[in-house]
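Undergrad: Sequence:
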Amino acid sequence: MKTCNKISLLVLSVILAGCSTSGQRERWIDVVDGGYNTDVPADRASVVFYRQADALDGPTVNIYTNNQYMGSLQPNAYRQEIVCAKNQRFFAEFTKWDKAYLEKASKGNYYNLPEGAVSFFRVVKNENGHPELEAVSPEQAESEMKGVKRQNHTLSRVSANQDCSSFVMKKYTLEASALFYFNKSSYQDMLQKGKEEIATIAQEIQQNAGQIGGISVIGHTDPEGRHDYNDKLSYQRAATVKQVLEENGVSSHLILLEGKGARELVISNCRVKYPNNAKDRQECDQPNRRVEIVVHGLGK
3 MKTCNKISLL
13 VLSVILAGCS
23 TSGQRERWID
33 VVDGGYNTDV
43 PADRASVVFY
53 RQADALDGPT
63 VNIYTNNQYM
73 GSLQPNAYRQ
83 EIVCAKNQRF
93 FAEFTKWDKA
103 YLEKASKGNY
113 YNLPEGAVSF
123 FRVVKNENGH
133 PELEAVSPEQ
143 AESEMKGVKR
153 QNHTLSRVSA
163 NQDCSSFVMK
173 KYTLEASALF
183 YFNKSSYQDM
193 LQKGKEEIAT
203 IAQEIQQNAG
213 QIGGISVIGH
223 TDPEGRHDYN
233 DKLSYQRAAT
243 VKQVLEENGV
253 SSHLILLEGK
263 GARELVISNC
273 RVKYPNNAKD
283 RQECDQPNRR
293 VEIVVHGLGK
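Residue numbers (the numbering used here): 3 to 302.
Note that these hints are calculated values from the structure, not bench results. Careful: at least some of the hints might be erroneous.
Computed list of lysine-lysine pairs in DSS-like fashion (alpha-carbon distance at most 25 Å, straight line) [what the hints assert, rightly or not]:
no.: 1; residue 1: 127; residue 2: 186
no.: 2; residue 1: 275; residue 2: 244
no.: 3; residue 1: 151; residue 2: 195
no.: 4; residue 1: 244; residue 2: 151
no.: 5; residue 1: 197; residue 2: 234
no.: 6; residue 1: 151; residue 2: 127
no.: 7; residue 1: 109; residue 2: 98
no.: 8; residue 1: 173; residue 2: 186
no.: 9; residue 1: 234; residue 2: 109
no.: 10; residue 1: 109; residue 2: 148
no.: 11; residue 1: 151; residue 2: 173
no.: 12; residue 1: 127; residue 2: 195
no.: 13; residue 1: 186; residue 2: 98
Given the structure is predicted, the values throughout are model-derived calculations rather than measurements.
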């Protein structure tokens, strides 16, 4: 399993040193096309994502923050939002490409942003021709954003008033098929590769032990079967994952368990797509059968 280690490696205090909140409250790149705002709350960060006209070929690019939709960028456009400063995960992908919304839940890079300032990210093309976000300095952004228009035609789902004292440092999503034999949940029924994957996660958690305020282990199932059975199965799987985390040195008092059954589906239309084919329906539902390990950071 690939993991993102950029929380500890990326400190953006130099490259993302933003514009001071003192002085001019509105900075105009071009009076016709609009400008980004430098009025940033002292305990928050502001981010500007921009896509130059010739950045890459392809349709509209969607921008996500911590799994939440922030906005969409057409060529020669930018988007600005207020976010928490610590451990923000940003991800970009072409619209309609991630139809099951699996990539936005797990991909992207984590950043620590300077408080009270604006940080800049531009859309670039990766080796596969898909969009990727690259952090740039304010000076580079100002040069490249001349003539780039503000794009606000869609509603952001990122709340500017969220509580930043408790933030998600990292979220791991483990498919149940990689953890347990089908429809099983006990320690004896856990696959060896599943135990090894959790052991690796436990090592990462312990490396940041002093920054962690709590860990949520959340089980999920597909919608097949009774609701009470799914609730019980999802909770038991979460409890077994907790057991393996503890075996590998994670403190038990940090971990909270939850079984959500089939109430938070990643894919919700498998029965519609395959009403008469149980095998295809089971394969379609695989992303729904999962256990999430959510690591929460300490507030100030």
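Undergrad: Quick one, are residue 109 and residue 98 close enough, alpha carbons at most 25 Å?
TA: Given pair residue 109, residue 98 holds - Cα atoms ~16 Å apart, limit 25 Å.
Undergrad: Next pair to validate is residue 109 with residue 148; report whether the Cα-Cα distance is within 25 Å.
TA: violated, 30 Å
Undergrad: Holds or violated: residue 173 and residue 186, Cα atoms, limit 25 Å.
TA: Holds, at about 23 Å.
Undergrad: Run the distance test for residue 151 versus residue 173: straight-line Cα separation, threshold 25 Å.
TA: Distance ~34 Å between residue 151 and residue 173 Cα, so the pair is violated.
Undergrad: Verify the proposed pairing of residue 186 with residue 98, using a straight-line Cα cut of 25 Å.
TA: Not OK: residue 186 and residue 98 at ~34 Å, beyond 25 Å, violated.
Undergrad: Check the hint pairing residue 127 with residue 186 against an upper bound of 25 Å on the C-alpha distance.
TA: Violated, at about 42 Å.
Undergrad: Residue 197 and residue 234: Cα distance at most 25 Å?
TA: Cα-Cα ~21 Å, so holds.
Undergrad: Below or equal to 25 Å on CA atoms is what counts here, so check residue 275 against residue 244.
TA: violated, 34 Å
Undergrad: Taking 25 Å as the top limit, are the C-alpha atoms of residue 234 and residue 109 close enough?
TA: violated, 29 Å
Undergrad: Would you check the hint for residue 244 and residue 151, treating anything up to 25 Å between C-alpha atoms as holding?
TA: Roughly 48 Å between the alpha carbons, so the hint for residue 244 and residue 151 is violated.
Undergrad: Hey, residue 151 versus residue 127, does the alpha-carbon distance stay inside 25 Å?
TA: holds, 20 Å
Undergrad: Within 25 Å, alpha carbon to alpha carbon, are residue 127 and residue 195?
TA: Since the Cα atoms of residue 127 and residue 195 sit roughly 34 Å apart, the hinted pair is violated (cutoff 25 Å).
Checked against the numbered hints listed earlier, the structure breaks hints 1, 2, 3, 4, 9, 10, 11, 12 and 13; every other hint is satisfied.
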